[in-house]
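Here the protein sequences line up with chains F and Y, keeping their order. Heads up: the first sequence is residues 1 to 117, going by the numbering used here. Heads up: the second sequence is residues 118 to 231, going by the numbering used here.
Bear in mind the hints are in silico, worked out from the structure with no lab data behind them. Incorrect hints may have been included.
What the hints assert, rightly or not - Calculated pairs, BS3-like style, for lysine-lysine (alpha carbon to alpha carbon, straight line, at most 25 Å):
#1 F:58 to F:112
#2 Y:188 to F:109
#3 Y:186 to F:68
#4 F:109 to F:68
#5 F:37 to F:68
#6 F:71 to F:42
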Amino acid sequence: GENVEQHPSTLSVQEGDSAVIKCTYSDSASNYFPWYKQELGKGPQLIIDIRSNVGEKKDQRIAVTLNKTAKHFSLHITETQPEDSAVYFCAASMRRYSGAGSYQLTFGKGTKLSVIP
Amino acid sequence: EAQVTQNPRYLITVTGKKLTVTCSQNMNHEYMSWYRQDPGLGLRQIYYSMNVEVTDKGDVPEGYKVSRKEKRNFPLILESPSPNQTSLYFCASSLSGEGNQPQHFGDGTRLSIL
Numbered sequence: 001g002e003n004v005e006q007h008p009s010t011l012s013v014q015e016g017d018s019a020v021i022k023c024t025y026s027d028s029a030s031n032y033f034p035w036y037k038q039e040l041g042k043g044p045q046l047i048i049d050i051r052s053n054v055g056e057k058k059d060q061r062i063a064v065t066l067n068k069t070a071k072h073f074s075l076h077i078t079e080t081q082p083e084d085s086a087v088y089f090c091a092a093s094m095r096r097y098s099g100a101g102s103y104q105l106t107f108g109k110g111t112k113l114s115v116i117p
Numbered sequence: 118e119a120q121v122t123q124n125p126r127y128l129i130t131v132t133g134k135k136l137t138v139t140c141s142q143n144m145n146h147e148y149m150s151w152y153r154q155d156p157g158l159g160l161r162q163i164y165y166s167m168n169v170e171v172t173d174k175g176d177v178p179e180g181y182k183v184s185r186k187e188k189r190n191f192p193l194i195l196e197s198p199s200p201n202q203t204s205l206y207f208c209a210s211s212l213s214g215e216g217n218q219p220q221h222f223g224d225g226t227r228l229s230i231l
């Protein structure tokens, strides 16, 4: 079935370094790619999203890139801080089943990011 | 404040005892959805609703029921809970169900079925 692969599953970086999380998706019709941050005891919170007509989007220390040809997208966090420590999920809008006219958000399995002070 | 509210946040109960987890959103969103989150499996969709009185199965619907009688509420019902339904549950909503809108999540309900 349609799915989203996310790597790595865990990532440790030194404070101030950059962190990169990568996702691939299988449905070439996917057109929306959000990223969520989940802190302990909380629900996932949207941090940035990108649509298929854009190759890159930046918001302060966070950026997302999209390569539609290769069907992969990445989250980049620069100048990491301890408060960036959390689980990050990528997602892609995918057709509910082959040939379907409706879409659903399909999530990767998450990346646990630890920023070491 | 725009939010999705789930209740209860924590529940420990026994096999077979019917329970309901409530979900309410104040953003006038058409689309609402329930997910369960299990270690190593990520977020899996249980049921979703495109609008009032319109609901459909997600990827893991067995053992669950939902209803959407009002736009703001989308309760999740476990008629006869079993231990394999022990999990962390999230309700989410978005403006529409076209899959290209941000989803807003509640803070989760941790269910333990003994």
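Tested hints:
For the given pair, residue 58 of chain F sits about 21 Å from residue 112 of chain F by alpha-carbon distance, which is consistent with the 25 Å threshold. Proposed proximity of residue 188 of chain Y and residue 109 of chain F is contradicted: the alpha carbons are some 30 Å apart, above 25 Å. The straight-line distance between the Cα atoms of residue 186 of chain Y and residue 68 of chain F is roughly 39 Å, outside the 25 Å bound, and the hint therefore fails. As the CA atoms of residue 109 of chain F and residue 68 of chain F are separated by approximately 21 Å, the hinted pair is consistent with the 25 Å bound.
Annotation: proposed proximity of residue 37 of chain F to residue 68 of chain F holds, straight-line Cα distance about 23 Å (limit 25 Å). A distance of roughly 30 Å separates the Cα atoms of residue 71 of chain F and residue 42 of chain F; the hinted pair therefore is violated under the 25 Å criterion.
When the structure is compared with the earlier hints, violations turn up for hints 2, 3 and 6 and for no others.
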